[in-house]
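Residue numbers (this note's numbering), protein chains in the order written: chain A, 5 to 191; chain B, 5 to 191; chain C, 5 to 191; chain D, 5 to 191.
Worth flagging that the hints you see were computed from the coordinates, not collected in a lab.
Possibly wrong hints are sitting among the right ones.
Note: identical chains are not told apart, hence a pair may lie in one copy or across any two.
[What the hints assert, rightly or not] Listed below are the simulated EDC-like cross-link pairs for lysine to aspartate or glutamate, each with C-alpha atoms no more than 16 Å apart in a straight line:
#1 K160 to D34
#2 K124 to D41
#3 K160 to D175
#4 K160 to E130
#5 K61 to D182
#6 K61 to D41
#7 K160 to D174
#8 K178 to D153
#9 K61 to E42
#10 K124 to D34
#11 K124 to E79
On a predicted model such as this, the values are computed, not experimentally measured, just so you know.
Number of protein chains: 4
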Amino acid sequence: MTETERPLRADAARNRARVLEVAYDTFAADGLSVPIDEIARRAGVGAGTVYRHFPTKEDLFRAVVEDRIRGIIGEGRRLLTAADPADALFEFLRSMTLTWGATDRGLSEALAGVGIDVGKAMPEAEEEFFAMLGELLRAAQQAGVVRGDVSVPDVKAILVGLQAMQSYNDDAAKRLTDVVLDGLRPR
Amino acid sequence: MTETERPLRADAARNRARVLEVAYDTFAADGLSVPIDEIARRAGVGAGTVYRHFPTKEDLFRAVVEDRIRGIIGEGRRLLTAADPADALFEFLRSMTLTWGATDRGLSEALAGVGIDVGKAMPEAEEEFFAMLGELLRAAQQAGVVRGDVSVPDVKAILVGLQAMQSYNDDAAKRLTDVVLDGLRPR
Amino acid sequence: MTETERPLRADAARNRARVLEVAYDTFAADGLSVPIDEIARRAGVGAGTVYRHFPTKEDLFRAVVEDRIRGIIGEGRRLLTAADPADALFEFLRSMTLTWGATDRGLSEALAGVGIDVGKAMPEAEEEFFAMLGELLRAAQQAGVVRGDVSVPDVKAILVGLQAMQSYNDDAAKRLTDVVLDGLRPR
Amino acid sequence: MTETERPLRADAARNRARVLEVAYDTFAADGLSVPIDEIARRAGVGAGTVYRHFPTKEDLFRAVVEDRIRGIIGEGRRLLTAADPADALFEFLRSMTLTWGATDRGLSEALAGVGIDVGKAMPEAEEEFFAMLGELLRAAQQAGVVRGDVSVPDVKAILVGLQAMQSYNDDAAKRLTDVVLDGLRPR
DNA sequence: TATGAATGAGACTTCATTCAT
DNA sequence: AATGAATGAAGTCTCATTCAT
Chain A
5 MTETERPLRA DAARNRARVL EVAYDTFAAD GLSVPIDEIA RRAGVGAGTV YRHFPTKEDL
65 FRAVVEDRIR GIIGEGRRLL TAADPADALF EFLRSMTLTW GATDRGLSEA LAGVGIDVGK
125 AMPEAEEEFF AMLGELLRAA QQAGVVRGDV SVPDVKAILV GLQAMQSYND DAAKRLTDVV
185 LDGLRPR
Chain B
5 MTETERPLRA DAARNRARVL EVAYDTFAAD GLSVPIDEIA RRAGVGAGTV YRHFPTKEDL
65 FRAVVEDRIR GIIGEGRRLL TAADPADALF EFLRSMTLTW GATDRGLSEA LAGVGIDVGK
125 AMPEAEEEFF AMLGELLRAA QQAGVVRGDV SVPDVKAILV GLQAMQSYND DAAKRLTDVV
185 LDGLRPR
Chain C
5 MTETERPLRA DAARNRARVL EVAYDTFAAD GLSVPIDEIA RRAGVGAGTV YRHFPTKEDL
65 FRAVVEDRIR GIIGEGRRLL TAADPADALF EFLRSMTLTW GATDRGLSEA LAGVGIDVGK
125 AMPEAEEEFF AMLGELLRAA QQAGVVRGDV SVPDVKAILV GLQAMQSYND DAAKRLTDVV
185 LDGLRPR
Chain D
5 MTETERPLRA DAARNRARVL EVAYDTFAAD GLSVPIDEIA RRAGVGAGTV YRHFPTKEDL
65 FRAVVEDRIR GIIGEGRRLL TAADPADALF EFLRSMTLTW GATDRGLSEA LAGVGIDVGK
125 AMPEAEEEFF AMLGELLRAA QQAGVVRGDV SVPDVKAILV GLQAMQSYND DAAKRLTDVV
185 LDGLRPR
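Working from the sequences, and respecting the hints, build out all of it.
So this is what it looks like as structure tokens:
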């Protein structure tokens, strides 16, 4: 019933994957303001090829960031089931800050709304992300390890703050993340 | 000790001050990516005049941000003497986040290292800023209201995080700033 | 006499016809500046297929326009035999302007030499077209309804003017075509 | 009371004039689709200079075409007073077609609405142009040399047609302009 | 043969910086 | 010193044409 999108030809799929991979790395290393031409150059393709797969720069952002966010959502859900639900939220925020944030500048920018508005560009992913955060938050609150007056958008705001802190000083972040997160615990 | 800088002619000084003032407001409102031409236009001078006083855009950033940082340093010292030293650090961070941060986009960007690297661009101001932060921190630690294992760079990192949180969601920041700061208190 | 062109395979012939048909409609509706990719898409074939049958965009123009011109030539000859020869020229110019011109932007452009030079691109068709026009003109002149000092190229130029007038203001053209054509009658 | 637009600096005025002059010639010779870079190159300035004086391509069109149209309006008014009012309209259309049209492809395109919509881009000039045409038409109709059922838009449409005819075949136009215009006379 | 992916030369536009007036 | 005009290197995106599959 959905449109049958025929699979990409092998070479095209390879190129698309290559562009996406290069875009991942480049955005991660240098942020979202890298020129498309630079990405094309690093991928060893013409600029037109990038534009064939991703008609605007925002489409490329979307593809990269959406993939990342889905990975993050998966990570969150995995923690929900695998780890102690009480600690899952803390685990998640710690991992987002110290693992993902430390290696992906583009992702941090996207989450902070710099260069792309995730809510507008991919509302579904945003929604799923918030839903997942909600589950983590609820579990933590029910276990009594997080204050009851904290909302999901609050957690997102905290995350943005943690990532900014991490970008600014990775070393300090390693020690401070838990300090900040402690603020979320009931007194 | 210092180079002999002949004093500016009166009109030149006036122009410099005017440019700086306009740059303050403009960077505060629109961030650091505003074109120089726009600043010149709003200041009612030619672009060349801006470049005479500030040979590169970064020099203008530096001047604006340095001035801001000096203001902030003053604010910190004032709190140290005027307020209860125990609360001065919390007061300061709250004010930086909710008052300055909320009205000065350029400053937030600068503190977060977007567009300019404060440590490299104006080491002296950075140093004084850190010194002031150190006094606030020491007072708070001596009063026993802040954990002993927190360093000055840690406080700066916290500040950057708070401002990013504020930029992202002003509403949440109003409630969460104290929550985050609570994390700094001894358990 | 002619080069031995092996007949197209059935499916190739079908594709060629399909492309041509889509190109007709598309050029008619949107003019000659439509991208080839768009035509390929609408025809349901790959761009390469278009280029196999028409090695350059101009070749496609040529094919479309030549076909149109052959249709027009047929129309002229039909009028010569079916209608009163004296009125056939006027009928023809009226029909070209108000019927063909009004529905075929690409044809108007082609006749006016925008995007393609018919005389250079398809001399044979041009020649036949002129021959047909000559017959219409001669008949009209012999009937005494057109000035004797008007040549075939003159009639073509008049036609181009009429079509431009029609493109510019269809409403005015409906009233003015006969006014302009009146100029051709002997005083 | 009106904004005081300070006069351009001498060198800027020279450059602006040079760009405009080159644009005149280039548009006249090659039509309105010439790249801005090409105009800059021929004028011996950087592309940025063209954009300083004419922020968009349409602004440059406007400047060139508006100047031309004002010239034309002047020509029309001159004919109204200098020549026999009865013949002024015919003189004007003849001149537009055989003198201006023959040397200015860009103007013909503009009048026909190709590349720029004069009515939208410079409504005042359009209005003045139509007003002037109206005066010419009224004078001719009062003198009894033009049919009473012809309107100002009709005259404009005729003009577009004549210019297209001229573009297509200058030689024929020389003989046919009067033939076409004869159609406007009462029978 | 058909496909549609890849190419790469531009097109328009912006803006930090330099320089003639 | 001040002015604001000029420069030219990007940056985003389009499209006729070629070519691997």
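Hint check results:
For the homomeric pair K160 and D34, neither the shortest alpha-carbon distance inside one copy (23 Å) nor that between copies (23 Å) is at most 16 Å. Neither within a single protomer nor between protomers do K124 and D41 lie at most 16 Å apart by alpha-carbon distance, with minima of 25 Å and 30 Å respectively. Taking identical chains as interchangeable, the C-alpha atoms of K160 and D175 lie at most 16 Å apart only when they sit on different chains, with a minimum of 12 Å there against 22 Å within one chain. With identical chains, the CA atoms of K160 and E130 are at most 16 Å apart within one copy only, with a shortest distance of 11 Å there and 30 Å across copies.
In this assembly of identical chains, K61 and D182 lie within 16 Å of each other by CA distance neither inside one copy nor across copies; the values are 36 Å within and 38 Å between. With identical chains, the CA atoms of K61 and D41 are at most 16 Å apart within one copy only, with a shortest distance of 11 Å there and 21 Å across copies. Taking the shortest Cα distances, K160 and D174 sit within 16 Å of each other only across copies (12 Å), while inside one copy they are farther apart (20 Å). In the homo-oligomer, the alpha carbons of K178 and D153 lie at most 16 Å apart only across protomers (13 Å), although the nearest pairing inside one protomer, at 26 Å, exceeds that limit.
Within a single copy, K61 and E42 get their C-alpha atoms as close as 12 Å, which meets the 16 Å cut-off; across copies the closest is 22 Å, which misses it. Taking the closest pair of Cα atoms, K124 and D34 never come within 16 Å of each other, the shortest separation being 23 Å inside a single copy and 19 Å across copies. Taking the closest pair of Cα atoms, K124 and E79 never come within 16 Å of each other, the shortest separation being 23 Å inside a single copy and 37 Å across copies.
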